[in-house]
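So the chains spell out like this:
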Amino acid sequence: MEKEKISELRGLMKTRLNRPMRYYLDLCTRCGLCYDTCHVYQGIPKKEYSPVGRSEVVRRLFKKHFRLSGRLFPYWGDAAALDDAVMDDVYEAAFSCTGCRRCMVHCPFGIDIPHILSMAKLMLIGNGTAPEELVMLADMAVEKGESVEVFRDGFKENIRNLEKDVQQRLGLASSEGLIPMEKKGANILYVGLSGAHSIVHPAVIFNRAGENWTLSFFEGVNFGAFAGDPVKMDLIAKRIINEATELGVKEVVMVECGTAYRILKFLTGEHPFRVSSIVEVIHRYISEGKIKVRGGAISEPLTYHDPCQLGRNGGIFDEPREILAILALDYREMSPTREYNWCCGGGGGLVALDNEQFRIKSGKIKKDQIAATGAKIVVSACENCITQLGTIQTGYGLDVQVRSLTELVSENLDI
Amino acid sequence: MADDIKVDVTMDLKGMKCPMPVVKVSQQIKKMAVNQVLVAETTDPGAQADFPSWARSSGNEIIKTETEGGVSKFYIKKLK
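Just so you know, the protein sequences line up as chains V and P, in that order.
Note that numbering that gives the first Met the number 0 has the first sequence beginning at 0, numbered continuously upward.
Note that numbering that gives the first Met the number 0 has the second sequence beginning at 0, numbered continuously upward.
Mixed in with the good hints there might be a few duds.
[What the hints assert, rightly or not] Ranges of calculated distance between the beta carbons of each label pair, as one might list FRET restraints:
no., chain 1, residue 1, chain 2, residue 2, range
1, P, Gln35, V, Lys13, 36 to 46 Å
2, V, Leu16, P, Gly58, 34 to 44 Å
3, P, Gly58, V, Lys155, 21 to 31 Å
[Stated by the list, open to error] Calculated cross-link-like contacts (lysine to any residue; reagent style SDA-like; alpha-carbon spacing at most 25 Å):
no., chain 1, residue 1, chain 2, residue 2
4, V, Lys45, V, Ser117
5, P, Lys23, V, Lys45
6, P, Lys76, V, Lys45
7, P, Lys16, V, Asn160
8, P, Lys76, V, Ser117
9, P, Lys16, V, Ser275
Rather than coming from a laboratory, the hints here were simulated on the basis of the structure.
We put the beta carbon where it would ideally sit given N, CA and C, even for glycine.
Turn these sequences into a full structure, and let the hints guide you.
Set out below in structure tokens:
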């Protein structure tokens with residue numbers, strides 16, 4: 000590796016060396032308690048797939064390049080210099096982690112290993128070796144923010160087609176205005192994904208609740224965050240922030256996507272609007288009597304998978320359970336659950352990468368957890384999780400259906 | 000109609016979840032030669048925004064778009 004590149008990567012590391020990062024890097028005693036808390040290590044029991052195994056890759060670089068002891072006596076402190084082989088280890092560490100933070104809740108010191116790995120991801124961006132799929136998707140999302148005029152009419156035409164589906168589901172005479180767009184002063188800006196299901200089902204619910212809402216031109220998911228590029232993450236988030244601000248909405252409601260929710264809610268500063276997940280909004284509508292779901296509509300045993308970014312990292316645990324308590328006759332909780340729930344293995348952008356066998360192996364503990372409930376339906380509220388649960392279901396031949404919470408509600412509205 | 004366009008590869012991406020349609024097309028186009036044409040068939044409403052933005056950011060060109068019965072077809076020419 001050339002000196003200039005080493006200097007550039009060292010510079011990038013330095014930008015991340017704030018107090019929490021130094022605290023985490025200095026404090027880890029390598030006790031190893033985190034080994035068994037990681038779903039990847041459970042499926043592939045190798046040190047490099049343990050939380051501490053990943054953070055050690057970064058910590059060794061930190062010692063070599065930012066500590067006098069590591070610079071003078073690298074063998075003492077297990078310090079490692081930046082080179083191409085080390086950058087391969089950095090890649091493996093960063094993109095074998097879903098950022099679920101299950102290790103963090105078990106760590107005696109509360110060390111946030113995904114935070115440490117954010118430094119690894121930034122170095123990969125600087126080195127030009129970040130996953131090309133994620134970089135490509137982030138570039139596409141940034142471009143989308145700069146060229147709304149190019150796709151505005153085509154997108155709106157497709158949305159008009161979706162309105163007919165919403166009309167049928169609601170049994171209405173006309174489809175006009177069922178998915179409003181560019182509506183100034185609406186209460187809610189709803190941000191979906193590319194797929195029709197992420198728009199149609201929420202639209203059914205919003206219409207049934209009599210909500211004054213409008214649909215965003217953009218998708219909620221933030222591939223800049225998955226890639227670990229803070230500049231693109233901000234640009235992608237700002238598309239939605241600017242749209243919401245220009246329309247003057249009171250609330251931005253995020254599709255079933257844990258990362259989309261967490262970034263806008265917690266990682267982009269204060270906004271002149273409230274940020275909610277669609278799960279919270281459905282729960283609110285039911286609580287306020289704006290919508291009713293058919294009680295006991297689902298008789299098959301059913302369980303719920305907490306998306307890590309919505310549950311452990313977002314605090315949304317009770318709302319989905321209270322909705323499912325109405326819908327399901329036989330609700331079964333996984334064990335462990337809530338903040339101790341096992342990650343499915345799909346987060347961190349991993350479902351967009353060409354790594355299906357890795358994800359099947361790392362999903363083994365989730366497969367065992369679902370199978371132990373005896374449930375025939377597993378529900379979640381995150382597109383990444385639903386995709387990965389489908390991969391686990393197929394990979395292990397698990398006898399379950401994977402369903403989205405929003406879809407279940409939409410299909411079981413008491414209309 | 001697109002009878003005048005020679006299509007080299009057609010990809011059925013209908014019903015795929017986000018972000019797989021764009022990921023699959025991006026992977027496929029890397030295997031193709033410059034000036035070859037790929038047709039992506041998708042039912043995602045968001046594809047109307049995704050594919051033009053992807054083409055602009057990746058240096059490829061959408062030479063034609065057709066939409067019929069909820070299915071959109073993007074004719075993508077590899078430029079580099």
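A quick look at each hint next to the structure:
1. Range check, glutamine 35/P to lysine 13/V: about 45 Å between beta-carbon atoms, so the 36 to 46 Å window is met.
2. Taking 34 to 44 Å as the suggested C-beta distance range, the pair leucine 16/V and glycine 58/P conforms, at roughly 36 Å.
3. The beta-carbon spacing between glycine 58/P and lysine 155/V, approximately 27 Å, falls within the hinted interval of 21 to 31 Å.
4. Distance restraint check for lysine 45/V and serine 117/V: the Cα-Cα separation of roughly 22 Å lies within the 25 Å cut-off, and the hinted pair is therefore satisfied.
5. Distance restraint check for lysine 23/P and lysine 45/V: the Cα-Cα separation of roughly 30 Å exceeds the 25 Å cut-off, and the hinted pair is therefore not satisfied.
6. Between lysine 76/P and lysine 45/V the alpha-carbon distance is near 44 Å, which puts this suggested pair outside the 25 Å criterion.
7. Our distance criterion of 25 Å between C-alpha atoms is met by lysine 16/P and asparagine 160/V, whose separation comes to about 19 Å.
8. Proximity of lysine 76/P to serine 117/V is assessed by CA-CA distance (about 36 Å); at most 25 Å being required, the pair is judged violated.
9. Taking the CA atoms of lysine 16/P and serine 275/V, the gap is about 23 Å. The hint holds against a cut of 25 Å.
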